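*Asks:* Okay, here's what each chain looks like letter by letter:
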Amino acid sequence: MEIPLWILLIPLAFVLAFTFLFLLFNIFHLAKYGIVGRGAIGLILVYIVSYCFILVVGATAILDVTWTQSVPIKNLLPFTSGGSSSFGI
Amino acid sequence: MINLSSLPNALPDEKIVLFLRRHWIDLLRIFVFSGVLFVLPVVAGTLIELANPNLIIHAFWGPALIVTLLAYLLVILVLTFTELTDYWLDVWIVTTERIINTEQNGLFNRVVSEMALYQVQDVTSETKGVLETFLTFGDVYIQTAAERERFEFKNIDNPDDVKIAITGLAKMCKARRGKEMLQNATDGIPE
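The listed protein sequences correspond, in order, to chains A and B.
Be aware that the first sequence starts at 1, since it is given in this note's numbering, and climbs by one per residue.
Be aware that the second sequence starts at 1001, since it is given in this note's numbering, and climbs by one per residue.
Calculated from the structure, these hints are not laboratory results.
Model, not experiment: these values are computed from the prediction.
C-beta atoms are modelled at their ideal positions from N, C-alpha and C, and glycine is treated no differently.
Check the hints yourself; a few may be wrong.
[As the list claims (entries may be wrong)] Below, a list of computed lysine-lysine pairs in the BS3-like style, where the Cα atoms sit at most 25 Å apart:
1. B:1154 <-> B:1179
2. B:1154 <-> A:32
3. B:1128 <-> A:32
[To be verified] Some, not all, of what chain A presents toward chain B, calculated at C-beta under 7 Å:
4. 10
5. 12
6. 13
7. 17
8. 19
9. 24
10. 34
11. 36
12. 47
13. 53
14. 63
15. 76
16. 77
[Said to hold, decoys possible] Which residues of chain B face chain A? A few of them, derived with a C-beta cut under 10 Å, are:
17. 1025
18. 1042
19. 1046
20. 1050
21. 1058
22. 1063
23. 1068
24. 1078
25. 1082
26. 1118
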């Protein structure tokens, strides 16, 4: 029996949706209730830039993986048995 | 956004005297705590590599680690944002007429209340702790005559100065209101 690697992307998608929603809530709160000035605008920009930065870095690492590959369950344990690398190493 | 130059329900000639946020030490706490949480995966990764170098290039556990790390970083980032928003939206404004208390507790709990300065009965400042004493920050409590919850300025800079300022403003406001009431009363008496 084999486990397809793309299964790992399902929980990640939920986390992405959750964090993106919270990012929007934060921006909404600052935009609606913040005091007019550079501070609130700057904070919103910092939120967007840092979130995008982590997304881009994460996406770069994720794109290196062959997600269509499947891994036999017997190769999962023990860790030392390895299996063929998903990174093309 | 709230514009300080046009406060909601502003009275004529009302001017902002104090605009207060929590002390910068609260901001530092947020950054230090988040920084530790951001560094944690580096420590964990080093330990994992020392314990089992094959794990990171393993066909399944390698990608699993990447996904976990990305999810972890995003959650920590969003939690940091929420704390920063909470800090940024906790604001106390003292004008020549009233005190406006705005407190954000998390993302879905916001309290905005105001109190006329002539209602102020008692102002107490409290600096408790070593760090608070050296960095001169603490709380200010404002009590009215009415049986309502007292106002609390949490972790503000120079609480003693704020207390003195509010007490002075309240006295001036009461004197002004007294004069206005006297004027109104004398205006009503027929000659």
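*Asks:* Work down the list of hints and note, for each, if the structure agrees.
*Replies:* Okay, the hints, checked on the actual structure:
no., hint, verdict
1, B:1154 <-> B:1179, "violated, 34 Å"
2, B:1154 <-> A:32, "holds, 23 Å"
3, B:1128 <-> A:32, "violated, 34 Å"
4, 10, "violated, 10 Å"
5, 12, "holds, 5 Å"
6, 13, "violated, 10 Å"
7, 17, "violated, 11 Å"
8, 19, "holds, 4 Å"
9, 24, "violated, 10 Å"
10, 34, "holds, 5 Å"
11, 36, "holds, 5 Å"
12, 47, "holds, 5 Å"
13, 53, "violated, 9 Å"
14, 63, "violated, 10 Å"
15, 76, "holds, 6 Å"
16, 77, "violated, 10 Å"
17, 1025, "violated, 18 Å"
18, 1042, "violated, 14 Å"
19, 1046, "violated, 16 Å"
20, 1050, "violated, 13 Å"
21, 1058, "holds, 6 Å"
22, 1063, "holds, 5 Å"
23, 1068, "holds, 9 Å"
24, 1078, "holds, 4 Å"
25, 1082, "holds, 6 Å"
26, 1118, "violated, 26 Å"
The structure is inconsistent with the numbered hints 1, 3, 4, 6, 7, 9, 13, 14, 16, 17, 18, 19, 20, 26, although it conforms to all the rest.
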